[in-house]
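My request is simple: use the sequences and hints to build the entire structure.
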Amino acid sequence: MRLPSVSVFAAIALTTLAETKPDPSNSNISQAIVPDGVEGDGAAKLLQSIQANSTDACEVACASLLGEFGAAKVAGSKDPDYKAAIDGFWSQQQREPVPRCIFRPETAQEVANVVRVSQANKCRFAFRSGGHAQFAGASSADGGITVLFERMAGITLSEDKNIVSIGPGALWSDIYGNLAEHNLAVVGGRVADVGIGGLVTGGGISYFSNQRGWACDNVVSYQVVLADGRIVTATPDSEYSDLFWALRGGGNNVGIVTQFNLETFAHSPLMYGGDRIFTNDSFSAAIDAFVDLAKNAEADPKAIQFLSFVLDTRNNVRLAVAELEYTDAKTDAPVFDTWNKVPAMVDNTKINSLVNLTWALAGSSPRGMRQSYWTASVKLKDREIVDRLADITFDVGDKLAHVPGILPAHTLQVVTKPQLKNMEKNGGNALGLSVSDAPFLVLLQSFAWLNAEDDELVLKTAADMVAQIKKVSKDLGVDHDYLYMNYASQFQDVIASYGESAKKLKDIAHKYDPEGVFQTLQPGYHKLNGPKSQDLPVWDRLKSFFTDKFS
Numbered sequence: 003m004r005l006p007s008v009s010v011f012a013a014i015a016l017t018t019l020a021e022t023k024p025d026p027s028n029s030n031i032s033q034a035i036v037p038d039g040v041e042g043d044g045a046a047k048l049l050q051s052i053q054a055n056s057t058d059a060c061e062v063a064c065a066s067l068l069g070e071f072g073a074a075k076v077a078g079s080k081d082p083d084y085k086a087a088i089d090g091f092w093s094q095q096q097r098e099p100v101p102r103c104i105f106r107p108e109t110a111q112e113v114a115n116v117v118r119v120s121q122a123n124k125c126r127f128a129f130r131s132g133g134h135a136q137f138a139g140a141s142s143a144d145g146g147i148t149v150l151f152e153r154m155a156g157i158t159l160s161e162d163k164n165i166v167s168i169g170p171g172a173l174w175s176d177i178y179g180n181l182a183e184h185n186l187a188v189v190g191g192r193v194a195d196v197g198i199g200g201l202v203t204g205g206g207i208s209y210f211s212n213q214r215g216w217a218c219d220n221v222v223s224y225q226v227v228l229a230d231g232r233i234v235t236a237t238p239d240s241e242y243s244d245l246f247w248a249l250r251g252g253g254n255n256v257g258i259v260t261q262f263n264l265e266t267f268a269h270s271p272l273m274y275g276g277d278r279i280f281t282n283d284s285f286s287a288a289i290d291a292f293v294d295l296a297k298n299a300e301a302d303p304k305a306i307q308f309l310s311f312v313l314d315t316r317n318n319v320r321l322a323v324a325e326l327e328y329t330d331a332k333t334d335a336p337v338f339d340t341w342n343k344v345p346a347m348v349d350n351t352k353i354n355s356l357v358n359l360t361w362a363l364a365g366s367s368p369r370g371m372r373q374s375y376w377t378a379s380v381k382l383k384d385r386e387i388v389d390r391l392a393d394i395t396f397d398v399g400d401k402l403a404h405v406p407g408i409l410p411a412h413t414l415q416v417v418t419k420p421q422l423k424n425m426e427k428n429g430g431n432a433l434g435l436s437v438s439d440a441p442f443l444v445l446l447q448s449f450a451w452l453n454a455e456d457d458e459l460v461l462k463t464a465a466d467m468v469a470q471i472k473k474v475s476k477d478l479g480v481d482h483d484y485l486y487m488n489y490a491s492q493f494q495d496v497i498a499s500y501g502e503s504a505k506k507l508k509d510i511a512h513k514y515d516p517e518g519v520f521q522t523l524q525p526g527y528h529k530l531n532g533p534k535s536q537d538l539p540v541w542d543r544l545k546s547f548f549t550d551k552f553s
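Mind the numbering: the sequence shown is residues 3 to 553 in the working numbering, read in order.
Source of the hints: derived by calculation from the structure; they are not laboratory data. C-beta: ideal position from N, C-alpha, C; glycine also. A few of these clues could be false.
[Said to hold, decoys possible] Listed next, with one range per pair, are the computed distances between beta-carbon atoms:
hint, residue 1, residue 2, range
1, 80, 517, 27 to 37 Å
2, 317, 80, 44 to 54 Å
3, 319, 383, 27 to 37 Å
4, 522, 385, 43 to 53 Å
5, 160, 384, 44 to 54 Å
6, 473, 294, 20 to 30 Å
7, 501, 335, 28 to 38 Å
8, 522, 343, 49 to 59 Å
9, 160, 319, 44 to 54 Å
10, 473, 453, 22 to 32 Å
11, 483, 82, 41 to 51 Å
12, 82, 270, 40 to 50 Å
13, 423, 501, 11 to 21 Å
14, 453, 243, 41 to 51 Å
[Said to hold, decoys possible] List of simulated lysine to aspartate or glutamate pairs, EDC-like, C-alpha gap at most 16 Å:
hint, residue 1, residue 2
15, 506, 244
16, 419, 302
17, 383, 294
18, 427, 244
19, 332, 302
20, 381, 481
21, 513, 230
22, 343, 294
23, 505, 244
24, 401, 457
25, 381, 483
26, 508, 244
27, 75, 108
28, 427, 265
29, 85, 152
30, 381, 294
31, 124, 517
32, 401, 314
33, 472, 483
34, 85, 144
35, 297, 384
36, 75, 152
37, 505, 515
38, 383, 481
39, 472, 389
40, 505, 495
Right, dumping it as structure tokens:
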């Protein structure tokens, strides 16, 4: 999930959006691997010369890939589709790294080949599924090889329609749209243009989570490329059962998933959902409704909710936005009775298709803005912690109100007992959670803004916000260590928050990747030993906080 579905603010963001696009011609890398006009034997000889004489590891690696796969799959910086690939990233920061080349594989074997080539030349690489990570380098390799999964986006139903095999480049809108033709669905993402890869390997909160757990809990098997180039299938009852466990929340640390096989279930294309927007005079009633439904989730697991506090900095208006979904096409489910008594300024809830609901959320966070996500978790005993979270949100928003294009939001999502029970199936997952944790809140602190010169202020303010949340939650006795990978900033140590599961995850990673290929040559996203961003300006402010938290 990205920013909350706030139609009011989507328009604000779009009207102020000014995209910054990288100009590879001004970078310190070569204009292209093979210049215009060099073809046939001449191109082959040039590639051989580069491989023999270049001292740039990634230039050699890219030349090797170009020689093996050709220009149809390997793009240098002068190629038109190179720029299009860079512009395909969601956040402005992810568009800033300038890869030496871009590779578009079509098979698992080609993925294995790029891993081998990268190792042979000690060239860094990154894989992009949907490109929705917010920070630079998460799925882009500056000076290295950025691998795009867009040509591995197949969606294939098994003959009995119980399992769907999905390529790592597929987006949730395409997945849901395809399955809707068969009156089926899977447990997956809530934003249309998010890819399957990062969402599922990071956990994957879904509209169906109260009924079936998170997305990672509904994977039947994974096809995986290992660090040594082997292609294996990991299932809960195979010789790779430990790998299967590690991929359920372990991120990109143990292998590259080249096919997800997910369990399907019967589902009408239509369901109920949308957002309701509340002004300050309805906050108290909205919080009561949120807490009431959170504590009674077992009464009707078809219902799911999240609540966001949002500051419209252009108009200095404080709003609460509730996203309410019911996985049947039913408008009068009794589980929402308390919510239905809260007067809303805007009510967009209605019968809609699953696909349309995901596009509504996607529309609330336009592409090309600067983005930062942070996360924390707190236990939900009563409404006091929710009141305090709202206060913190608006205080932080006031401090950033002068930043051009700023849109700060704080989204609260309930992790319920039904969700945690469903995490136990097929040997459990790597997240380190248990049923006794329920209910608790996964928090997303999200910031969108326009200009790079405001990065330091936004990041430091965000870090302060997380520190305030941790202090308040400890004071109230509701602190929880868990960090949801898909919402975490590059400064947060996600794997350490998994508790005892972290050691098991590291042991499994070492078993399958003893040389640490996926830690050193694929340094992006959330790694086993914590953040690598200590050179960034906000680190000094964060260092003591995180050292204290995880010591």
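Any of the earlier hints contradicted here, and which numbers?
Checked against the structure, no hint fails, so every one of them is satisfied.
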